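Here the protein sequences line up with chains A and B, keeping their order. Numbering-wise, our numbering puts 203 at position 203 of the first sequence, and it's gapless, one number per residue. If you count the second sequence from 1, you need to add 401 to reach our numbering.
Calculated from the structure, these hints are not laboratory results. Computed from a predicted structure; not experimentally measured. Beta carbons are placed, not taken as given, at the ideal position from N, Cα and C, and that holds for glycine. You may find that some hints are simply not true.
[Said to hold, decoys possible] Derived CB-CB ranges, DEER-like: (1) B:Glu439 to A:Pro63: 21 to 29 angstroms; (2) B:Glu444 to A:Gly43: 37 to 45 angstroms; (3) B:Leu463 to A:Ala173: 42 to 50 angstroms; (4) B:His403 to A:Val216: 47 to 55 angstroms; (5) A:Gln182 to B:Glu465: 36 to 44 angstroms; (6) B:Ala459 to A:Thr303: 18 to 26 angstroms; (7) A:Asp94 to B:His403: 27 to 35 angstroms.
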Amino acid sequence: MTSSPTVPAFTLVRPQDAPLDPSPLYAKLRAKQPISRVSLWEGQLSPWLVTRWEDARAVLGSPAFSADPTHAGAPTFRKDTPQGRRGFFLNQDDPVHAMMRRTLTREFMVKRINELRPAIARLTDELLTDLTELSGPADFVEHFALPLPSLVICELLGVPYEDHGFFQEHSKAIVDFNATAQESTQALASVSEYLLGLVETKRAEPGNDVITRLAVQADEGVITDQDAADLGAFLLIAGHETTANMIALSTITLLAHPDQIPHILGGQEQVAGAVEELLRYVSIVHGGLRRTAVEDVTIDGVTIRAGEGVIVPIHVANRDPELFTAPDDLDLDRANARQHLAFGYGIHQCLGQPLARAELQIVLPEIFRRLPELKIAVPMDEIAFKQDTVVYGVVELPVAW
Amino acid sequence: MHVEVDVPRCVASGQCVLLAPDVFDQRDEDGLVVLLNENPPAELHDAVRESATVCPAAAIRLEEA
Ligand code: HEM
Ligand code: SF4
C-alpha cells in the first residue's frame with residue numbers, strides 16, 4: 001500500500017518549545033478528520049490514526065481489533081519487528097492473552113500491592129538519602145528514577161540485588177528505538193535465559209515472590225518454564241522504563257508548575273488525584289497503541305477493513321478537549337482526570353497499574369518533601385528528551401537540591 | 402442503584418477497588434472482581450458510577466433507580 005502525498009507522516013517528535021505537549025499535527029487532525037490515514041515506515045504503510053478519546057476507547061475495547069504484530073498490515077514500529085513469545089501477552093489475542101494474563105492477575109491485586117508499599121517507601125528513602133550525599137548536581141534519572149522501579153520489580157520477582165545492573169542494561173536495549181531488531185532480540189533472550197535459571201533456583205528455594213509462584217504454576221502444568229521466564233522478563237520490560245520515565249517527567253512537570261507543588265504534598269486522596277492528572281498530562285506511552293482489524297468495523301462513521309492497521313496515540317486522546325476542559329493545562333485538581341487512557345483501555349489495559357500508582361503516590365510527594373529546593377541544573381531547552389522512543393522520557397536530568 | 406458485575410469479562414485492573422473499596426473487592430486466587438454490595442448507599446453512588454465509566458472491560462453494569 002503506498003500513501004498519497006497528502007497523508008501526513010506519523011511522528012513521535014514533540015514541539016521543542018512545549019516538550020510535554022503532543023505534536024500539534026494531532027490536534028489539527030482531530031479537529032478536521034478524527035480518524036484519518038497516516039504514513040508509516042517511510043510511506044510503505046498507511047494505517048488509520050485515531051485521535052479522539054471516545055474513538056480510542058471504542059478501538060481498544062473492541063474484539064474486532066487484534067494486538068498481534070504478525071498480521072501483514074500490522075502497524076508495528078519497525079517493519080522487521082521480531083516475533084515475541086506468548087509470555088509477552090501484550091502481543092497476543094484472547095484466549096492465549098487471557099490465559100497468560102491470568103497467571104499474574106493476583107500478583108497485582110490492590111491488596112497485594114498495598115503490602116509492597118512499605119518496601120517502596122524504604123527504597124525511596126534509601127535512594128534519596130544516597131542522592132543527597134552526593135556533593136553536587138547529579139543525574140536524577142541515573143540516581144533515582146531508573147533504579148527505584150527496577151528495585152521494586154526485582155523485589156516483586158525475587159531477583160537478587162547483584163543482578164539488577166544486568167537487567168537495567170538489557171531492558172534499555174530492548175525498548176531502544178534505535179536498536180536493531182537483532183539487538184533487541186538478543187537483549188530479550190539474555191533476560192529470558194537468566195530468568196529461566198531463576199525459575200529453577202526458586203523451585204529449590206521458594207520465596208514469597210512472583211517467580212516462585214510462576215514456578216508452581218509450571219509444576220501444575222498451567223504454563224511451561226519458558227513461559228514463566230518470559231512472563232518475568234515481560235514484567236521487567238513493561239514496568240521498568242515506563243515507571244522511571246513517569247517519575248522523571250512528573251518531576252519536570254511539577255517543577256515547571258511550582259504553584260501546584262503544594263498539591264502533591266497534600267493528603268492521600270489529593271495525592272492520588274494528582275497522580276491521575278500527571279498520568280494524563282505526561283502520557284509517557286506516546287508511540288501509539290497498535291492494532292490490526294480482524295473484521296470490517298465502523299468506528300465513528302469510518303469503516304476500517306479487515307487487515308488494516310490502526311494507531312491509537314493515547315497521549316493525544318488524553319488531550320481531547322471534548323472530554324478534558326483546557327486539556328493542555330495541568331490541573332492537579334481535575335475532576336475527571338482518572339478517565340485518562342495512559343494505561344490503555346480494554347483487555348490489554350496495564351496490568352501493573354496498581355503498582356505504578358502506588359510507586360508514584362509514594363515517590364512524588366517524598367521527592368518534594370525531602371528536596372524542597374530541588375531544581376533542574378540546566379535550562380529547560382537543554383534537557384535531552386527521548387523523542388524517538390515508544391515510551392517518552394529524558395536521557396538524563398541533571399538536578400541540584 | 403443496583404450494581405452487577407460480569408466476572409468473566411473482568412481483567413483485574415483494580416480500578417473499581419481503588420475507587421469504591423466498600424463495593425468492590427478482588428478474589429484472592431486470581432484478582433477478579435467480587436461485588437461486596439449490590440445496592441450501595443447513596444454516598445457511594447458517584448464512586449460506583451466512576452468505576453463503571455473507567456472499567457476497561459465494561460464489566461460493571463448499573464441500574465439507576
Ligand atoms: C506509569 C507507569 C506505566 C504506564 C504509563 C504503563 C502503561 C501501559 C499501557 C499503555 C499498556 C497497554 C498497551 C497496549 O494496550 O497496547 C500497558 C500494558 C501492560 N503493562 Fe503497563 N504501564 C506502566 C507500568 C507498569 C508496571 C509497573 C508494570 C508491571 C510491573 C506494567 C505491566 C504491564 C503489563 C503486564 C501490560 C500488558 C497487559 C496486557 O496485555 O494484558 N506496567 N502498560
Ligand atoms: S474495573 Fe473492571 S476490569 Fe478492573 S477490576 Fe474492576 S471490574 Fe475488573
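task = If any of the earlier hints don't hold here, list their numbers in rising order.
result = 2, 4 and 5
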